[in-house]
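Undergrad: The lines below spell out each chain.
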Amino acid sequence: MLFSGPMRQFLDFEKSVAELETKIDELRQVSFREDDTVHHGVDIDDDVVRLSEKADKQLRVLYSKLTPLQKVQVARHEQRPHALDYIQAITTEFTPLAGDRVFGDDQALIGGLARFRGQPVVVLGNERGADTESRIKHNFGMARPEGYRKAQRLMKLAERFGLPILSFVDTAGAWPGIDAEARGQAEAIARSIDVCLSVNVPVIATIIGEGGSGGAIALAAADRVLMLEHSIYSVISPEAAASILWRDPKLAPTAAEALKLTAQDLKRLGLIDQIIAEPVGGAQRLPAQAIASVAEVVAAELSVLLKLSGEALKAKRRERFLAMTRS
Amino acid sequence: MSWLTDHVRPKLRSLLQREVPDNLWTNCESCSQMLLIKELERNKKVCPHCGHHMRATAKERLAWTFDEGQYTTIDLPKVPVDPLHFRDSKRYTDRLKASRTKAGLDESLVVAHGKISGRDAVVAVMAFEFFAGTMGSALGEAFLAACRLAVLQKAPLIIFTASGGARMQEGVISLMQMPRTVIGIQVLREAGLPYIVVFTNPTTGGVSASFAMLGDIHVAEPNALIAFAGPRVIRDTVREELPEGFQRSEYLKDHGMIDTISARKDLPALLGRLIAMLTPQQQDDTPSKTDA
Ligand SMILES: [Zn+2]
Numbered sequence: 001m002l003f004s005g006p007m008r009q010f011l012d013f014e015k016s017v018a019e020l021e022t023k024i025d026e027l028r029q030v031s032f033r034e035d036d037t038v039h040h041g042v043d044i045d046d047d048v049v050r051l052s053e054k055a056d057k058q059l060r061v062l063y064s065k066l067t068p069l070q071k072v073q074v075a076r077h078e079q080r081p082h083a084l085d086y087i088q089a090i091t092t093e094f095t096p097l098a099g100d101r102v103f104g105d106d107q108a109l110i111g112g113l114a115r116f117r118g119q120p121v122v123v124l125g126n127e128r129g130a131d132t133e134s135r136i137k138h139n140f141g142m143a144r145p146e147g148y149r150k151a152q153r154l155m156k157l158a159e160r161f162g163l164p165i166l167s168f169v170d171t172a173g174a175w176p177g178i179d180a181e182a183r184g185q186a187e188a189i190a191r192s193i194d195v196c197l198s199v200n201v202p203v204i205a206t207i208i209g210e211g212g213s214g215g216a217i218a219l220a221a222a223d224r225v226l227m228l229e230h231s232i233y234s235v236i237s238p239e240a241a242a243s244i245l246w247r248d249p250k251l252a253p254t255a256a257e258a259l260k261l262t263a264q265d266l267k268r269l270g271l272i273d274q275i276i277a278e279p280v281g282g283a284q285r286l287p288a289q290a291i292a293s294v295a296e297v298v299a300a301e302l303s304v305l306l307k308l309s310g311e312a313l314k315a316k317r318r319e320r321f322l323a324m325t326r327s
Numbered sequence: 001m002s003w004l005t006d007h008v009r010p011k012l013r014s015l016l017q018r019e020v021p022d023n024l025w026t027n028c029e030s031c032s033q034m035l036l037i038k039e040l041e042r043n044k045k046v047c048p049h050c051g052h053h054m055r056a057t058a059k060e061r062l063a064w065t066f067d068e069g070q071y072t073t074i075d076l077p078k079v080p081v082d083p084l085h086f087r088d089s090k091r092y093t094d095r096l097k098a099s100r101t102k103a104g105l106d107e108s109l110v111v112a113h114g115k116i117s118g119r120d121a122v123v124a125v126m127a128f129e130f131f132a133g134t135m136g137s138a139l140g141e142a143f144l145a146a147c148r149l150a151v152l153q154k155a156p157l158i159i160f161t162a163s164g165g166a167r168m169q170e171g172v173i174s175l176m177q178m179p180r181t182v183i184g185i186q187v188l189r190e191a192g193l194p195y196i197v198v199f200t201n202p203t204t205g206g207v208s209a210s211f212a213m214l215g216d217i218h219v220a221e222p223n224a225l226i227a228f229a230g231p232r233v234i235r236d237t238v239r240e241e242l243p244e245g246f247q248r249s250e251y252l253k254d255h256g257m258i259d260t261i262s263a264r265k266d267l268p269a270l271l272g273r274l275i276a277m278l279t280p281q282q283q284d285d286t287p288s289k290t291d292a
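So the sequences go chain by chain: W and Y.
When we follow my numbering, the leftmost residue of the first sequence carries the number 1, and every step to the right adds one.
When we follow my numbering, the leftmost residue of the second sequence carries the number 1, and every step to the right adds one.
Next comes chain W alone, as it looks inside the complex:
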């Protein structure tokens, strides 16, 4: 394990943990090199254990009281598992399907057929990409109209063949570009919400990172909306809100606080169904564990929804959204 995997990226508020872990790595390297000098090695091993415990404790404390803006940072962490990571890990036979049959294929919003615990499903997700090249390919997860129209097509496909829909939401928002506007970004999002609300198959949306405004809700007008513990869901980014409402971009922490964008806020406001716990230090530390937790919750919710008729699903989905924000 020692030298495997990419370097861990630390957030600014994780500085103390980063220092400890750097120290631990250094000690381990020394220990590795001086393996034959047993006496010295034991001392170092003790230090490693002691420092590791200290780092774990610090991480636990930090992550038990993240501020809203820190949650925003965690939600956007580049090493968090992304939509494709979830889809590839929790499904089998994933078969990507491309194109909106109108204009093109948008890799910012990916989807296809797959089996989830044996059950054929349609999967959809905002994919941000994992390195510079793939980030450009996926446009950093910011979809254009053709992405939303592909989502509509796949949701209708799911309905036609009676397949549940699992979506993985992780986007800063829909792409604000000339091309996107020219091809009807607003209509594409509106229609996706429309289709998502109208299909007679189960729809489960999981916010795995950033749930950014209209571009996110286009895939989340669902029977169940789940949020990872440190994910966020907001009508506007705290940075933009600070600029517009406070006229001071430096007030992003204040804006993040005021917008009530954390999973905990949304649960309290009755806008989501369930929060999925993340490993200590966030999903980016132990992606496999985070992904497994999501799979467990999705499976449990799906088994409940699969017992309902298409009409009942649709009616309940409507009731659910109509009841929101009324009291």
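Just so you know, the hints here were simulated from the structure itself, not pulled from any lab data.
From the three backbone atoms N, C-alpha and C, an ideal C-beta is built for every residue, glycine too.
Some but not every residue of chain Y turned toward chain W, in silico, with C-beta under 8 Å: (1) P80; (2) R87; (3) G140; (4) M178; (5) P179; (6) Q186; (7) S208; (8) Q247.
Rough simulated footprint, nothing fancy, chain Y against chain W, three-plus residues with beta-carbon under 8 Å: (9) 239-248; (10) 263-271.
Fit chain Y with the ligand to the supplied structure of chain W, relying on the hints for placement.
TA: Chain Y with the ligand in isolation, oriented as in the chain W frame:
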């Protein structure tokens, strides 16, 4: 559906507008020509020199749309006020109060019913003069009430949109109005009722990306800004010059998003024609030969 009787208490509105003195002048914001205010109001706030369509209030639009300017507004459903206890440089509740005083309205949507070309119609008008026509839970609930009123009256729903987008002071509660309003349209659709959207300047953000873009027919006033992301956001993102006329009614029509552009003076007749053709089952007690 007893929900409606709870909410709808008709209230006849007097249409007598305040009198504007004869000698007040203004400048056209487009061609800068001097205009007599009284003249301008008679011309439905359209510049007689260049045809520029100026912003109009919700009440003006209602008066211009219904036959003889006669309509009945409904009381809007009550919703929790300031659910997030939001405060930026001012308290949200104070901003709301100021908006109410300034606009003389409860919220950013006014819902009314009456006749257009002799046919029953429900008309909802977004009030840009109220909090920039932004969408919060009150607007969402008011829009749903308009849809239900249309269903109850078996009448078409016409909405005039004008919005700066989401009401940021309601955070994610504002976002949830996108699916909520879409449900209203689905109910109309299932009832077989026409839903006509009249886009006015400006219609942007979460409003354009939800109920505004889902009309059976999309009409726009000339040169209205209609967008998901506003021009400034786009310029900041792509860092290039925006095309001529970008995100204006004519551009959207060219790009297939708008059915037709209508000058304000022609709008009532157009709406009358459309709803007459889309609701043939409605008993026609005032057949209009002048429409041909
Ligand atoms: Zn003019």
